[in-house]
Every structure is written in structure tokens, then in C-alpha cells.
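Protein sequences, first through last, are from chains L and P.
The first sequence begins at 1 in my numbering and counts up one residue at a time.
The second sequence begins at 116 in my numbering and counts up one residue at a time.
Simulated from the structure, these hints should not be mistaken for laboratory data.
Certain hints may be false.
Some chain P residues well away from chain L (every beta-carbon gap over 12 Å; in silico) [stated by the list, open to error]:
id : residue
1  : E126
2  : R137
3  : P176
4  : S181
5  : S188
6  : V230
Cβ-to-Cβ under 7 Å is the rule here; a few derived chain P residues that face chain L [what the hints assert, rightly or not]:
id : residue
7  : G157
8  : L158
9  : F206
10 : E219
11 : F222
12 : G223
13 : E224
14 : G225
Derived, one-sided and incomplete: chain P residues facing chain L with beta-carbon distance under 10 Å [stated by the list, open to error]:
id : residue
15 : Y150
16 : Q152
17 : E159
18 : V204
19 : C207
20 : A208
21 : L220
Just so it is clear, CB atoms sit at the ideal spot from N, CA and C, and this is done for glycine as well.
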Amino acid sequence: AQSVTQLDSHVSVSEGTPVLLRCNYSSSYSPSLFWYVQHPNKGLQLLLKYTSAATLVKGINGFEAEFKKSETSFHLTKPSAHMSDAAEYFCVVSYRSSGNTPLVFGKGTRLSVIA
Amino acid sequence: DAGVIQSPRHEVTEMGQEVTLRCKPISGHDYLFWYRQTMMRGLELLIYFNNNVPIDDSGMPEDRFSAKMPNASFSTLKIQPSEPRDSAVYFCASSPGLAGEYGELFFGEGSRLTVL
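Starting from the given sequences, assemble the full structure and let the hints guide the process.
Here it is as C-alpha cells:
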């Protein structure tokens, strides 16, 4: 069964330092991978997506993620954290080979940014 | 476009009462999803529709839960009777196409339900 694992439930960084949120997925020959962000009391918003084009994907607000098939990983990074980045982040997978498959969400990683 | 619109944003009710949550998807989107979010269980898919037809309701927890989509611009999620363990944030999301091809779900801001 398809699955996605977010390795950290909570990450805390200082403002201006790099952000790394880790995500691994169960192996499939054609996954689509996504990162969503949820700010407090808001719905989820798409940050970026990988759909078999370039393995390094750039998203909004300076975030990017790299698809590494050999490691079955799709980690989210940002060079310099901003206070407004504090939110919950969800790694999500979908398998096109399964046809119309709803997205499978990870448990989420809460990012705290310290001034 | 105004995005996905959910109502009410907050609902407080007593155990045993009927609760109806409403959703207006983005115009032109063929798929509509209902999710539930709690601290303990995270984000759970309850049911989704394609062109107003329910495709998969295996995530609906019990017969107390029901969802309808009478037309392309409106959906409801009903809980009858409600119980304290139903307290959660319920999200509606819509999508323009197959989740695997387009991948982007557009979420509403959620309906926070508290059952006393």
C-alpha cells in the first residue's frame, strides 16, 4: 500500500537558519509528490509538487524539494527561515499507476521559528 | 474565484444533535473531498465525489455520517446524532482533475466542530 512517512513531528529552527523537513515514501514506479502547508486555523495550501519532470522542484515562499528515487525521499528545504514560515507541513503522495487515487497525507511536521 | 467556501466556520452543539456542514467547491472542479482533522488521527479522508457521484466513502467512520452532492456547486456532510468524539476540524477540498495528474487540492478554511 502507498504510504508516506514524515520523520519529524516537530522541527524548531532559528530565524535566518536553514530549514529541512524530511519525508520518505513507499516505493512506486511513478509517484507524484507534494508538500502542503497549513497555517494556524487555515486550510492547507500547495507549496510545490513533483510529477516526473525536474527532480529539484521550486515552490512558493523560497521552499524547494528534491526527489531522490534511490532514497525514496522528498525532503523540503529552505535556505533561510522566516517567522512567517511557522506552520504545519504535510508531505503527500499519489500514485498515477493506481488511476484516480486520492492523495495520501503524511502525519505532518510542525515547524517553529525562533526569533 | 473565491476559493472553496465552507460553512459554518465554527459549530458548537450538544451530543445527540444533528450537524450539517456545507461546502461550495471552486467552479469547474470535478472532484470534491471531505477530510477530518484531529490531533490524534491527523488528516483523514472521509469521502470524495467525482461529478457529483460518490466514489469512495470507505473513510466515513459510521452510519451516523452521510454526505451528499446534489449539484456541482454544493455538498453537505451530515452527522446525526453527533457525539463528543466527532469534535474535529472538517475540511472540504476540490480539484480540477485526477489527483494523480493534477495533484492540487484546493482547501476551504474548515469547519471547527465541538460536540459537548
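Of the hints stated earlier, which fail here?
-> none
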